[in-house]
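S.K.: Residues per chain are reported as follows:
There are 2 protein chains.
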Amino acid sequence: MKSPEEIIVPGFRAAGTACGIKRSGKPDLAVVVSDLPCVSAVVLTRNKVAAAPVAWARSLRDRSGLRGVLVNSGNANACTGAAGAAAVRETSRAACAALGLPGNALLVGSTGVIGVPLPVGKIVAALPGLARRLSPEGIVEAGEAIRTTDAFPKRGVRRLRAGGRTVTLGGIAKGAGMIAPNMGTMLAYIFTDAALAPADARRALREGTDASFNRIVVDGDTSTNDTAALFANGACGLPALKGSDLAAFREALRSLLLDLALMIVRDGEGATRVVRIAVTGARNDAQAEKAVRAVATSPLVKTAVHGADLNWGRVIAVLGRAGIDVDPSRIEMRFAGELLLRRGMRPDPAAERRAAPRIRRDAYGIDADLGLGKGSAHAYFSDLSVEYVKLNSGYRS
Amino acid sequence: MKSPEEIIVPGFRAAGTACGIKRSGKPDLAVVVSDLPCVSAVVLTRNKVAAAPVAWARSLRDRSGLRGVLVNSGNANACTGAAGAAAVRETSRAACAALGLPGNALLVGSTGVIGVPLPVGKIVAALPGLARRLSPEGIVEAGEAIRTTDAFPKRGVRRLRAGGRTVTLGGIAKGAGMIAPNMGTMLAYIFTDAALAPADARRALREGTDASFNRIVVDGDTSTNDTAALFANGACGLPALKGSDLAAFREALRSLLLDLALMIVRDGEGATRVVRIAVTGARNDAQAEKAVRAVATSPLVKTAVHGADLNWGRVIAVLGRAGIDVDPSRIEMRFAGELLLRRGMRPDPAAERRAAPRIRRDAYGIDADLGLGKGSAHAYFSDLSVEYVKLNSGYRS
Chain A
1259 MKSPEEIIVP
1269 GFRAAGTACG
1279 IKRSGKPDLA
1289 VVVSDLPCVS
1299 AVVLTRNKVA
1309 AAPVAWARSL
1319 RDRSGLRGVL
1329 VNSGNANACT
1339 GAAGAAAVRE
1349 TSRAACAALG
1359 LPGNALLVGS
1369 TGVIGVPLPV
1379 GKIVAALPGL
1389 ARRLSPEGIV
1399 EAGEAIRTTD
1409 AFPKRGVRRL
1419 RAGGRTVTLG
1429 GIAKGAGMIA
1439 PNMGTMLAYI
1449 FTDAALAPAD
1459 ARRALREGTD
1469 ASFNRIVVDG
1479 DTSTNDTAAL
1489 FANGACGLPA
1499 LKGSDLAAFR
1509 EALRSLLLDL
1519 ALMIVRDGEG
1529 ATRVVRIAVT
1539 GARNDAQAEK
1549 AVRAVATSPL
1559 VKTAVHGADL
1569 NWGRVIAVLG
1579 RAGIDVDPSR
1589 IEMRFAGELL
1599 LRRGMRPDPA
1609 AERRAAPRIR
1619 RDAYGIDADL
1629 GLGKGSAHAY
1639 FSDLSVEYVK
1649 LNSGYRS
Chain B
1259 MKSPEEIIVP
1269 GFRAAGTACG
1279 IKRSGKPDLA
1289 VVVSDLPCVS
1299 AVVLTRNKVA
1309 AAPVAWARSL
1319 RDRSGLRGVL
1329 VNSGNANACT
1339 GAAGAAAVRE
1349 TSRAACAALG
1359 LPGNALLVGS
1369 TGVIGVPLPV
1379 GKIVAALPGL
1389 ARRLSPEGIV
1399 EAGEAIRTTD
1409 AFPKRGVRRL
1419 RAGGRTVTLG
1429 GIAKGAGMIA
1439 PNMGTMLAYI
1449 FTDAALAPAD
1459 ARRALREGTD
1469 ASFNRIVVDG
1479 DTSTNDTAAL
1489 FANGACGLPA
1499 LKGSDLAAFR
1509 EALRSLLLDL
1519 ALMIVRDGEG
1529 ATRVVRIAVT
1539 GARNDAQAEK
1549 AVRAVATSPL
1559 VKTAVHGADL
1569 NWGRVIAVLG
1579 RAGIDVDPSR
1589 IEMRFAGELL
1599 LRRGMRPDPA
1609 AERRAAPRIR
1619 RDAYGIDADL
1629 GLGKGSAHAY
1639 FSDLSVEYVK
1649 LNSGYRS
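Same order as they appear, the protein sequences are chains A and B.
With my numbering, letter number 348 in the first sequence gets 1606, and the count goes up by one each step, no holes.
With my numbering, letter number 345 in the second sequence gets 1603, and the count goes up by one each step, no holes.
So here's chain A without its partners, still in its complex pose (with noise of 0.2 Å):
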């Protein structure tokens, strides 16, 4: 999960800067734009409060010949009215206009403080030199420039081998609360230059996301601004990818879409440790997803695994209120692989003993077997440490 230095997808050029918008005088705008007409898929939040930018790509009639995204960071643009919505519609024109491209090639995200007006003249101000400085080598810089939280840049490649050629995918993501399954995600975009049909890109970055994003949980909060997105412009000089190259294509792109999904809730506010937990046995998937999500968002859970307690008394209380069936005397539980629980009891405490010191590393799992059926779900979750208190608490004041 080590972030690659550099991150070049033949076709897109890049560039961040700090438009002034974040106080710190940290970069707070970024450009990413393919040279050449791309076949786009977007993946939005699921929060009925939108957004400005968001309900402005919802509003596209089509969202799959877009070129490129203009992402600023340290301000939301949510719950700031029909101001709000000026102001996506103001920044897209004039950066498109400033990269001459046609009105509305780009996806445009925001992500930062909520319910303050976006600064609408300070990143007009910047476009002409962003648009100056973009490169082939900017993506790593563009990432830097859509970070908030983040205690470390998002990013990573796959490449892979297609009808004799390389195909490459690069990524950038950001994002470190405000997790939880069932939304878009958290910002995250994607650049390849292979050739893609639009409703095989769609697919792909729909159960790509499904996989990654709407796998992980640091808070259970969903944010207003979260996207995922996919721009795919065929510089590659294959034509679109079908059967085993589009297969290759969509496996390249879930582990991409894991790796940056894994880093945001390793990055997880204040967290220090990463746990997945997996429930089987039961009664449905939806049932098991319930009991997935339950765990994941318990602070009960989640300051025992920060404390590296031991502490399955806990897990097994929350599957109890999950709104799910459960017997008691069927669960069987792991903590990092030793059997903990058999039957609802505690089978053998020299399990726990084994157990103990693996619960202090940075990632393990936990497994819950139901015993009921053949349901299963999984999450990756983030320890509630007091630093994600510290951070929250004193984020806005």
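I should point out that these hints are in silico values taken from the structure, not numbers from a laboratory.
Certain hints may be false.
Restraint ranges, calculated between C-beta atoms of paired labels, are given here [stated by the list, open to error]: (1) Arg-1541(B) / Arg-1316(A): 31 to 39 Å; (2) Glu-1610(A) / Asp-1293(B): 45 to 53 Å; (3) Ala-1455(B) / Arg-1588(A): 37 to 45 Å; (4) Glu-1645(A) / Arg-1619(B): 47 to 55 Å; (5) Ala-1344(B) / Arg-1619(A): 37 to 45 Å; (6) Arg-1619(A) / Ser-1513(B): 49 to 57 Å; (7) Pro-1607(A) / Gly-1361(B): 39 to 47 Å; (8) Ser-1587(B) / Gly-1278(A): 28 to 36 Å.
The beta carbon of each residue, even a glycine, is placed where N, CA and C say it ideally should be.
Here the structure of chain A is known, so what remains is to put chain B in place on it, guided by the hints.
M.R.: Frame of chain A; chain B shown alone:
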């Protein structure tokens, strides 16, 4: 919400002692018993993983003739299998024998660590001494002996006039974590010298619990042991209460239960503030309830409350992901009475300035009007502090 120094309910005697379950040597065993037959009512946790004493209480064919309670703290007797069930039967039998009562005359309660065998011998050995120390003043002492992580004891008294006599209600409760709506509750025991018909006792306890313990949220987790019970022995000399006397009794019970519930939320682990979240204008009550619960359990909202951060943005983001009908342009929100959000936008920075000092108080309200219908709900929740994390990450280890 000040606890009375003394609680005497005619016809009840009680005592508490340290029998050695808690390593700290603090009181951990309590008995409260009526000298007369009682009409009783019991509300038990809805958690499907029930502790042994809860499973035992559920298995009783009739819970309307119990004479009092035997409660230990320091051990939940949960996830203890057949041995746990046997421990309930054995301690119950020994307690009834020591008190000269028929078998199964007492409700049994346990609270503390999950998954550790209950030390039956220590409890049984302490019972004769506990029986000798029973006194009318002992209810306060019994309340002390049921504490676990409680920072202060929870108890209360109500008196009302009926038929020319004084009717007394005395209550003890414990709980400071694993608190959420939709459960029996933590442990709460109410004793009264009124006479009640069994159906009236059940209804009064159920409605009082719904309006109190089911309206508080500390961390969204419910326990395997939550129990509320009412014991009415008729020692005041009146026949079973009816009509306006019964209505007055129910009102007194509601008021007493709400006091105890608010003491629990104020003593929420690490809590420094209590907020009343009220949602009105929802499509229906069920949607309002969902919204209230989502806000009251959101770590981002709870940390903002802790930091005295006027962060209505986090509240509106939670409303958007709560799975209910929301139209952002119709939402109005008040913090401490000040209108901060009108039609989904921030209307007036001056209102924020007025609200800012008020949300530093130890209790205030957040009112959200969704503007869609007549559904409403409310709950009381505590903030999420550094102290909460410290308490819960170190509780067992």
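S.K.: Holds or violated: the 37 to 45 Å window for the beta-carbon distance between Ala-1455(B) and Arg-1588(A)?
M.R.: Roughly 40 Å apart at Cβ, these two residues keep to the hinted range, so it holds.
S.K.: If I claimed the Cβ atoms of Glu-1610(A) and Asp-1293(B) lie 45 to 53 Å apart, would that claim hold in this structure?
M.R.: For Asp-1293(B) against Glu-1610(A), whose Cβ atoms are near 46 Å apart, the range 45 to 53 Å holds.
S.K.: If you check the beta carbons of Ser-1587(B) and Gly-1278(A), does the distance land in 28 to 36 Å?
M.R.: Holds - the Cβ-Cβ distance for Ser-1587(B) and Gly-1278(A), about 30 Å, lies within 28 to 36 Å.
S.K.: Could you check the hint for me, namely that Arg-1619(A) and Ser-1513(B) are 49 to 57 Å apart, CB to CB?
M.R.: holds (51 Å)
S.K.: Just to be sure I understand the hint, the distance between the Cβ atoms of Ala-1344(B) and Arg-1619(A) should be within 37 to 45 Å; is that true here?
M.R.: Given range 37 to 45 Å: holds, Cβ gap about 38 Å.
S.K.: Using the beta carbons of Arg-1541(B) and Arg-1316(A), state whether their distance is inside 31 to 39 Å or not.
M.R.: violated (22 Å)
S.K.: If I claimed the Cβ atoms of Glu-1645(A) and Arg-1619(B) lie 47 to 55 Å apart, would that claim hold in this structure?
M.R.: violated (27 Å)
S.K.: Given the hint of 39 to 47 Å, check if Pro-1607(A) and Gly-1361(B) actually sit that far apart at their C-beta atoms.
M.R.: Once the Cβ atoms are compared, 34 Å apart, the range 39 to 47 Å for Gly-1361(B) and Pro-1607(A) is violated.
The structure shown violates the earlier hints numbered 1, 4 and 7.
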